[in-house]
Structures are given as structure tokens and as C-alpha cells.
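J.: Given next are the chains, with one letter for each unit.
Number of protein chains: 2
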Amino acid sequence: METKVTPWDVEGSIDYSKLIEEFGVSPLFSPMKEKLTSRMKEGSHMIKREFFFTHRDLDLVLKDYESGKGFFLYTGRGPSGNMHLGHLIPLLFTKYLQDAFDVNLYIQITDDEKYLYKKDRKWKDIDEFTIDNIKHIAALGFNPDKTFIFRNSEYIGNVYPMLNTISKKITFSTAKAVFGFTNETNIGFIGFPAYQIMPTFFEKKRCLIPAAIDQDPYWRIQRDFAESLGYFKVAAIHSKFLPPLTGMDGKMSSSKSATAIFLTDDEKTVKNKINKYAFSGGQVTLEEHREKGGNTEVDVPYQWLKIFFESDDEELMKIKREYERGNLLSGEIKKVIIDKINSFLKAHQEKVKTVDINKYMYTGQLAKEMWKKKYLPKD
Amino acid sequence: METKVTPWDVEGSIDYSKLIEEFGVSPLFSPMKEKLTSRMKEGSHMIKREFFFTHRDLDLVLKDYESGKGFFLYTGRGPSGNMHLGHLIPLLFTKYLQDAFDVNLYIQITDDEKYLYKKDRKWKDIDEFTIDNIKHIAALGFNPDKTFIFRNSEYIGNVYPMLNTISKKITFSTAKAVFGFTNETNIGFIGFPAYQIMPTFFEKKRCLIPAAIDQDPYWRIQRDFAESLGYFKVAAIHSKFLPPLTGMDGKMSSSKSATAIFLTDDEKTVKNKINKYAFSGGQVTLEEHREKGGNTEVDVPYQWLKIFFESDDEELMKIKREYERGNLLSGEIKKVIIDKINSFLKAHQEKVKTVDINKYMYTGQLAKEMWKKKYLPKD
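Top line first, the protein sequences correspond to chains A and H. Counting from 1, one number per residue, gives the positions in the first sequence under the working numbering. Counting from 1, one number per residue, gives the positions in the second sequence under the working numbering.
Hints are not guaranteed to be accurate.
No copy is singled out in the list; a pair is fine if it fits within one copy or between any two copies.
[Claimed, not checked] Taking lysine-lysine and the DSSO-like style, the derived pairs with C-alpha atoms no more than 27 Å apart in a straight line are:
(1) Lys359 <-> Lys118
(2) Lys69 <-> Lys353
(3) Lys118 <-> Lys374
(4) Lys233 <-> Lys204
(5) Lys373 <-> Lys122
(6) Lys353 <-> Lys205
(7) Lys372 <-> Lys359
(8) Lys335 <-> Lys346
(9) Lys124 <-> Lys205
(10) Lys378 <-> Lys33
(11) Lys351 <-> Lys124
(12) Lys359 <-> Lys373
(13) Lys374 <-> Lys359
(14) Lys233 <-> Lys124
(15) Lys119 <-> Lys373
(16) Lys176 <-> Lys118
(17) Lys119 <-> Lys176
(18) Lys359 <-> Lys146
(19) Lys119 <-> Lys378
I should point out that these hints are in silico values taken from the structure, not numbers from a laboratory.
All chains, please: the whole structure from these sequences, using the hints.
T.: Structure, rendered in C-alpha cells:
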């Protein structure tokens, strides 16, 4: 399968070193890594283990933070289906960053984009997914007075005039080159990139975006004209993709149900999916496994532990060692990840049941301020 | 000069018979003409004298009216400059239609389009022209409880979700073919046609648009997909262009100040402009004029009298006869039009001073209803 990394499609085997070069982003080195991880109570393993691995202008963001100018966070979600672990993990990392730096966070729900993207998508479906997805996001426990979750279709009235300023900066030619639009792309979808860029101008501070690297093209366009409008070039910290259950290629996808653990999956489903579909780096026979050991590089259960579910370095090292030596079996490492995921999902599902999304959307302090704001054109 | 008729440019000598063929519109014949004019207390001469000369589905609109289903009117204004007579005349015709049929009217102020259109346009300017233009429009005396004047930048929140349904129906390829977009067109302007189409779906009745024929391309796109959304194909009644002061080619244009009488021009300015710039069909010398007579076909003062300012047929015939016979001199016919325009503008300018635009925008019955409505996608 050909490798493909666009904001809408990730396929094939991904060579992250090549992406660094192609996208022109900077690898995350020390001491910047330490500056982040030293403040984080949770989630720092996602940096240490290089799941978040590249950035743009993160050095400037940290400088602004240290000098008291501050910064803000922005991320988003396209509500085109049920959410899975691949969606949740970057959002959790964002929460850890918010906790670490105590900053404002804007979460854009691109109901418009997801409706526009496919001809046969019904608004009713997008609308339902939107409410559902917002509940799952709000359940992560962001600071309710410093987090604004907004639906594009609902907040448009507050941003539209300034949105036009952004649109004026982007020609079809640019949009075509960056997003692969064609003559058959509809005119709404062509216009959408302006709205995804808009929140980077919500405050006159640097904006830091934690997101998978496939979303980077949006930010390159923003960086071309942000300063001409009197704003900062957006900064970003990029993650790799959470590998799908089925192996290291591509990314977890709602449309390929066997590749994903959904946030609503029950214990039995999780267990069955992992036992049935999780790509194993173990050997074919028990004897062979005891002799040669498992390959952690391609073993999805191990990779998930490393990326997210086992934050304890020693514990992870132990698993790696035992698995590679053949002492830990394929079924056993699957059992470890099944238990981790189930305990995580159980707690999450409880929170979803009782979460109050209104705090984040309308009644929290930041939300209230945002509904009062009207973004006018910058000229 | 090459002839060009697009929604943004009208240049050169216009062959209206050719336009009928090119655009695929129907000439306005009897008895449809009589059905309109018999109800109109004012403005019927604009039909009888074929200034409004073609239509789409006007027969169906009249049928719906007669059967009690009703219809509604929609027109608009792009607030990119000061208004002149060329802008006002179709609006007045719209008012006469509203009076004749007692129907709802929606007037779209495309502040977004005008801001998006040109790179160096400042929002501040568009914003000022918008308020100014709305005053001039409101001063025409539309029914305040059946007329909704709305700024696109302000009303977007009420229409955006459904706007996306419209956008999904229009590919870049279609938009390019109809409007001549290029790779250098900005993505906001590319998206705009959806918003201009949106008001044709404000009610589940037939929508009739009185407008100059250059705006027709928008409606052809609407007619391609309206029924697939459960709405009616839009109907239209098209006018020719008010000739610029300087002669019969092109149309009156704010950007060529010598071609236009602005609604704010004072008596002296009107007099000077007409005496100086109005293209005359009179002969070069007095003797020659007395002998050969004037040519009313190209005489701008005569054409303006015919199109709008002299509604009395007998009076117009007399002027034509006397001018063509050489009894009425070029300066004398100019005097006639100067007096007509000045008396018209004087009354208009008085109304502008005291007009309450809030009735039309927010507090009238239709306006209030429209601010409560939210247009969701149609699927």
C-alpha cells in the first residue's frame, strides 16, 4: 500500500524521519523535552517515548510562558463517527498540558467539515455524533473555566467576519496544493480551511496545537500569513499515529471497525477484539516464541502500552525484556493491554454518563467570554 | 470594447437578444405582462417599455399567486460603494411588485462578498457603505412588516448549517464555469455563491427575483438542484442595465464616477454632470439639429426618461416626437431629465435622513420572525 499522509487520509507504512523532512518540522530535543515533562504530573511518557516527537516554535511558546506572556492551547475533533482510542490519546495529552501550564484551551468541533466532506453524509448523523463526541471529550476533565468546546455550526456568527479575512489570504491554488482539492471538490469544503485556522487567532498570544502530524498542513498556511494580520505564527507539537489494532501501518480508523477500540466498547468486546485482531509480534509456535522471543517493534499490544497505557518506565522495560526473551507470551501481553484498556474505559464511561457539557460550551468562564466576543476583520 | 456580462462586470455594447439566447431565459410576453402591470399602481412602464424584459418561471409564480399558494420576493445589494440610480431603479421596481402582490421581501446585503472580492478592500469601508446603503434602501418605503433587510455577516449564524447543504451541491468546476473563478480566486469568494442562493430557500414557496440580467448565473445553479432539496426552482424577472451617463455601452458604475448620478448628489452636481457628461443623441450644430432631429436611441437623457423618470406614455411620446423632429434641443431634453432627477433625489434624500432601518433589520414582523429561525440542513 502506498504511503499517504493528508489531513483526511493516513495509509501505508509511515516513515516518520521522512515526514520530518517533508513537512519541515523540528524534532523534539532536550532541553525542551525536559521543560515540558518536568511540569507534567501525567502523560510525560508520551514525550519521553517520542510519541509526541516534533514541533514548530515550541521553544518560542515556552519562552513566552516563562516571560509571563503566556500562550493558549487549541485542538479539535471531526465528529464523523464514534470515537476510539486514537482520538482520545492526543486529547488526553492536551489535558495534561493544560494542567501543567494552567492555560486556556479551545476545542473546535468541525461538524461543518464532516458534513461537507462526503456527499451522502446526513446532517442528522453528524449532529448525533457531535453531541456524543463532545460528551466523551468533556469527560476527560479539562478545566471547565479555561476550556471552550464549540461546534463550528453554532459559533459561526461570532467569527464569520474575521473568517473572511483569513479566506482572503488563501487562494484555490494554495488550498489545492496543500489539501489535494480537485475541480470536483465542493465549494464549502474548499472554504473550510479558513475556519480551522480561525481559532489560532482567538487570543493575541502564541497558540500551541497538540495534534497528530497529518493535521500540520493547515498550520503551514496559517504561518504564511499570520504575522501580516498582526498575530503569531501558530506553534505545534505533533504526535505519531496510534497504530491500528491490525498492525503498524496507517492509523486507527472508525470506518474500519476491526482496527479500533471504541470508547463505548464493553469489556468483552475489548477482550475479543484484541485477542482476535491485535497484530502480534510473537512467534507462530509456543516453542519458537520461547526460543526467539517476540518482536516489540511490530507488536501492537506492546506499542499501545508504550505509547499510552503503561506510564511506568520500569514496568514497561520489564514487559519488553520478558517479551523479547520469550518468557512473556503473546496471549499474556494481550491480557496486560486488555486489562489496562478495560480499566481505563470503565472509568471513562462512568464519567461520560454524568458529564455536564454545558460548562464547556456555554456556562464556564471562558465559554461565557467567548460567546460575548465578536471577531471582526483585521483590516 | 469587448462585450462582457458577468455578475461582476458589464462592459461593451450589449445585444439583449443575444443574451436571451445565451442565458436561455424567456422573453416577457402578453398576457403575463398584463397580469403584472394591471396590479401595479406604479412602475408598470418599466415592463411595458421592456426595461424588465425576460423571466424564468414567472408564469408559475403568477399561477401560484392566483391559486393562493403565494410567492415571495428576493433581491440584494453589494455594499461596495455609494449607491447610484442604477442600483435604485431595480429596487424600486421590487417595491412596486411588493405593493402590487402584498408579499414578503428579503433583501440580502452582501457585505461578505464585497469584502472578499478585492484584496485591498478594508472591512471598515465595507461596513460604512453597508449602513449607508441600507438607509438608502429602507428609504424606498418597503412594507416594514413584510421586508427583511439583512447583512450576510450578521445573519450567518441563522443560515450556516443549511448553507453547507447548498455548498455540497456546487463543485469548483461548476463555480468556475459559471463565474469565471481561477486558481488565484480566494477560497472565501469561491464559497460565496452558496450564500447568495440561500435566501431562495427562506420560504417553501416560489421565490421571484427582480434583478439585472447579469445576476442570472447564480439562479441557474440554484435551478439545477433546488428540487432535489425539496424546494422550488427560483423564478426571476430580469432588467436590462440602466445606461451610464456617458452612453449606451456597459452599465452605470460607482467606480467610474462620471458615468453615474449618486443618490447623494446635490442639485448642482446633477445639473453639471448631465450637462457635461450625458451622451446626447442631438446633432452637432443647432442648424443640423433643427433639420435632422435627435436620435433617441442613443440619447441618454431620453433613455432615462423612458426607463424610469417619465411614466406618462403620452408625455414621453411627445418628448420623443419633438426631439426627433428637432423641435426639442439637446439642452432642453437635458433640462427635463435634470428636473426630474432633482425632484426625485430631493424627496429621497429627505426620507434617508429620517428612515428607521431597525424596522427592516430587527423589529418589524418579518425581521423578528427571521431572527428566530434557524435553517438546518435539508437531509
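J.: Compare the structure with each hint and give your call.
T.: Evaluation of the provided hints:
1. Lys359 <-> Lys118: neither (31 Å within a copy, 41 Å between copies)
2. Lys69 <-> Lys353: neither (38 Å within a copy, 49 Å between copies)
3. Lys118 <-> Lys374: between (30 Å within a copy, 23 Å between copies)
4. Lys233 <-> Lys204: within (11 Å within a copy, 46 Å between copies)
5. Lys373 <-> Lys122: between (31 Å within a copy, 21 Å between copies)
6. Lys353 <-> Lys205: Cα proximity of Lys353 and Lys205: none, with 35 Å in one copy and 44 Å across.
7. Lys372 <-> Lys359: both (15 Å within a copy, 24 Å between copies)
8. Lys335 <-> Lys346: This pair counts as within: shortest intra-copy Cα distance 16 Å, inter-copy 87 Å.
9. Lys124 <-> Lys205: between (37 Å within a copy, 24 Å between copies)
10. Lys378 <-> Lys33: Cα proximity of Lys378 and Lys33: none, with 35 Å in one copy and 49 Å across.
11. Lys351 <-> Lys124: within (25 Å within a copy, 47 Å between copies)
12. Lys359 <-> Lys373: both (17 Å within a copy, 25 Å between copies)
13. Lys374 <-> Lys359: both (20 Å within a copy, 23 Å between copies)
14. Lys233 <-> Lys124: between (36 Å within a copy, 25 Å between copies)
15. Lys119 <-> Lys373: between (33 Å within a copy, 26 Å between copies)
16. Lys176 <-> Lys118: both (17 Å within a copy, 21 Å between copies)
17. Lys119 <-> Lys176: Cα proximity of Lys119 and Lys176: in one copy and across copies (19 Å, 20 Å).
18. Lys359 <-> Lys146: within (10 Å within a copy, 39 Å between copies)
19. Lys119 <-> Lys378: between (34 Å within a copy, 13 Å between copies)
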